[in-house]
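**Q** Residues per chain, in single letters:
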Amino acid sequence: MADELKIKVRGLKKRFGANVVLDGIDLDVPKGKSLVVIGGSGTGKSVMIKCILGLIQPDAGSILIDGQEVVGMPARERERVMRKFGMLFQGAALFDSLPVWENVAFGLISGRGMNRAEAKAVAIRKLSAVGLGPEVGELYPAELSGGMQKRVGLARAIAAEPEIIFFDEPTTGLDPIMGQVINELIVTCVDALGATALSITHDMHSLREIGDYAAMIYEGKIIWSGLAKDIDNSGNPHVEQFVQGKADGPIRMPVRSL
Amino acid sequence: MIVVLQPVGRTFLNGLAAMGRLALFSLAAIRHCVTPPFYPRLMLRQMIEIGYYSLPYVGMTAVFTGMVLVLQTYTGFRVGAESAMPTILLISLTRELGPVLGALIVAGRVGAAMAAEIGTMRVTEQIDALSTLSTNPYKYLIAPRLWAGVTMLPLLVAVADVIGILGGYFVSVHKLGFNEGNFLNNIAQDATFKDIFSGLVKAAVFGYTISMMGCYHGFNSKGGAQGVGKATTNAVAASMILILTLDYILTELFFAR
Chain A
240 MADELKIKVR GLKKRFGANV VLDGIDLDVP KGKSLVVIGG SGTGKSVMIK CILGLIQPDA
300 GSILIDGQEV VGMPARERER VMRKFGMLFQ GAALFDSLPV WENVAFGLIS GRGMNRAEAK
360 AVAIRKLSAV GLGPEVGELY PAELSGGMQK RVGLARAIAA EPEIIFFDEP TTGLDPIMGQ
420 VINELIVTCV DALGATALSI THDMHSLREI GDYAAMIYEG KIIWSGLAKD IDNSGNPHVE
480 QFVQGKADGP IRMPVRSL
Chain B
1172 MIVVLQPVGR TFLNGLAAMG RLALFSLAAI RHCVTPPFYP RLMLRQMIEI GYYSLPYVGM
1232 TAVFTGMVLV LQTYTGFRVG AESAMPTILL ISLTRELGPV LGALIVAGRV GAAMAAEIGT
1292 MRVTEQIDAL STLSTNPYKY LIAPRLWAGV TMLPLLVAVA DVIGILGGYF VSVHKLGFNE
1352 GNFLNNIAQD ATFKDIFSGL VKAAVFGYTI SMMGCYHGFN SKGGAQGVGK ATTNAVAASM
1412 ILILTLDYIL TELFFAR
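Chains A and B supply the protein sequences, listed in that same order. Read left to right, the first sequence gives residues 240 to 497 (this note's numbering). Read left to right, the second sequence gives residues 1172 to 1428 (this note's numbering).
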C-alpha cells in the first residue's frame, strides 16, 4: 500500500475491564480506496471503527486522518474532522421519530445548517441514487423493510458527500439478492464520490465485491493485510480457515459440548 | 471479617463512582444547555410532551387531592374547621402537595418515557449515528429535555395549585356547606408570595431532576430490551427518591427557623 494514506492507525489498544478487545491495531487505508476488514464475531471490528470515529476513547495508540492526529483532539476540532465521515451502521440506526427524507437530510440540517427545503431536495436526490422513489421519503423507518432501511442508511451516509465512508456489516441480515444490490450501490456511491471506504464484514462475497484491499482482525490484532484479490492465496492459516469457513483450524470457537 | 467488609466496601466505592459519573454528566449537560447551537423545535416538542400531555394526569391528581384534603381536615378538626380550612388547603397545596405529587406523576410518566426513548436510541446505535452526523447528542437529546423539565414543571404545578384549591372549594362549599364568601376571602388573604414561590422553585428543581434522571439512565443504558427496561426502572425510582429527598432539603432552606 504505497498510496497516500487517508487513515493511518498505529498501536490502537482498547480494553473493557479485563477483556482486551484491541491489542495494538496497525491499519492503513489509502486515499480513494476501499479497505475491507474481516474477522469473526467479537474480534473487535466494531470497536476499531468506533475508536476511529471518536465514539469510543482508545486506551492507547495513534489515529491519523489526513495526517492529523485525532486521538486526544479537543471536542470542537473533532466535530470538524467528523464532517469528513459518513457511516452506514449495521442496523441502519435510522431515527425512528423522523420521516425518511429527514433522516437522510439530518446531517445537512442539523450538522451543517442547511435550510429544510434545500436539504429535502438533496435527500430526494440521494434516495433516488440508492434506488428509492420520492414517495419513500415521506414514510417512517418502521414502515420499511430491512433492505430499504439499509438503502436509506446508505443515502444518509452519502448525503453530505463525505471524504470517508464506513460500512459496518453492510449486508448482514439481508437476502443474497438484496445483499448484492447493497454491494453494488456501495461501489457505485463510493466511486461517484471518490471517497475512501472502510468496511467491516464477515461476508466474503461482500469483500470481493467492494474491497480493493483487505485485512483480517483476530484477537485484537491485524494478522494479515493485502490486496482483496489475494485473499484466497494469503498463506495465512487463520485467513484461509476464515475464507473457506472451516470449523477446524487455528481459530477456535468457544463452543461447549452438550 | 474481610468477607463481610469486601462487598460493603465495593458497594460504597461503586456508589461513589456512580455519583461521580452522574455529576460529570450533569455538568456536561448544563454546559450544553447554555451554549449554541440550540434546537427550539425539539425544545417546543418536549415542552408540549412534558407540560401539555401531563396536564390531565396532574390536574386529576390535584383536584382529588384538594377534595380529599378538605374532607380529611374536616373530619379530623371538627371544631374550627371552617375557618382553618382555606389556610390549610392553600399551604398544603402550594408548598407541598402540588409540587411533590405533580412531580411524582410526571416522573412516572415523562421520566420513564425519556429513559426508554433515549435508551432505545443508545442500544440501536442512533446516538452514535447523531455523532457521525456532526450533531452533539447532549445538545440534541439532553438540553431540550432539561429546559422543558425546568420550565414546564412550575407551570404544571401552578395550574395544579389552582385546580386543587377549586376541588377543595367544591367540597367545602357544596358538600360541607361552608360559607362561599368566607372561603374565598380567606384564600385571598392567606395567599403569600413565599408559599407560592417556594412551591414553584421546588417544581423547577424537580423538573430538572426528572429530566436529568431520564436522560442519564437512558443515555447510559446497555444491552438490548432488558437494558432499556432497567434504565427506565432506575430513572423512575431515582427520580422519586430524589424528589422526596430534595423536597425536605428545599423545605429546610425556605421555612426552617
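Everything labelled a hint here was simulated from the structure, so no lab data went into it. The reader is advised that the hints may include incorrect statements.
As the list claims (entries may be wrong) - Estimated spans, in silico, between C-beta atoms of each pair:
#1 S367(A) x M1231(B): 21 to 31 Å
#2 F255(A) x L1424(B): 23 to 33 Å
#3 Y379(A) x Y1223(B): 14 to 24 Å
#4 E374(A) x H1345(B): 18 to 28 Å
#5 E357(A) x F1426(B): 36 to 46 Å
#6 I416(A) x L1195(B): 15 to 25 Å
#7 G250(A) x Y1224(B): 24 to 34 Å
Stated by the list, open to error - Quick look at which bits of chain A chain B covers, simulated, 3 or more residues with Cβ under 8 Å:
#8 316-324
#9 360-372
For each residue, glycine too, the CB sits at the ideal point set by N, CA and C.
**Q** Indicate, hint by hint, whether the structure satisfies it.
**A** Okay, the hints, checked on the actual structure:
1. At about 50 Å, the beta-carbon gap between S367(A) and M1231(B) misses the expected band of 21 to 31 Å.
2. The beta-carbon spacing between F255(A) and L1424(B), approximately 42 Å, falls outside the hinted interval of 23 to 33 Å.
3. Between Y379(A) and Y1223(B) the beta carbons are some 23 Å apart, a value that agrees with the proposed interval 14 to 24 Å.
4. Taking 18 to 28 Å as the suggested C-beta distance range, the pair E374(A) and H1345(B) does not conform, at roughly 58 Å.
5. As the Cβ distance of E357(A) to F1426(B) is approximately 56 Å, the hint placing it in 36 to 46 Å is violated.
6. Separation of I416(A) from L1195(B) is about 48 Å and departs from the stated range, judged on CB atoms against 15 to 25 Å.
7. G250(A) and Y1224(B) have their C-beta atoms about 52 Å apart, which leaves the hinted 24 to 34 Å range violated.
8. With a cut-off of 8 Å between beta carbons, the segment 316-324 of chain A has 4 residues touching chain B; three or more are needed, and the interface restraint holds.
9. Under a criterion of three residues with beta carbons nearer than 8 Å to beta carbons of chain B, the stated coverage of the segment 360-372 of chain A fails, only 0 such residues being counted.
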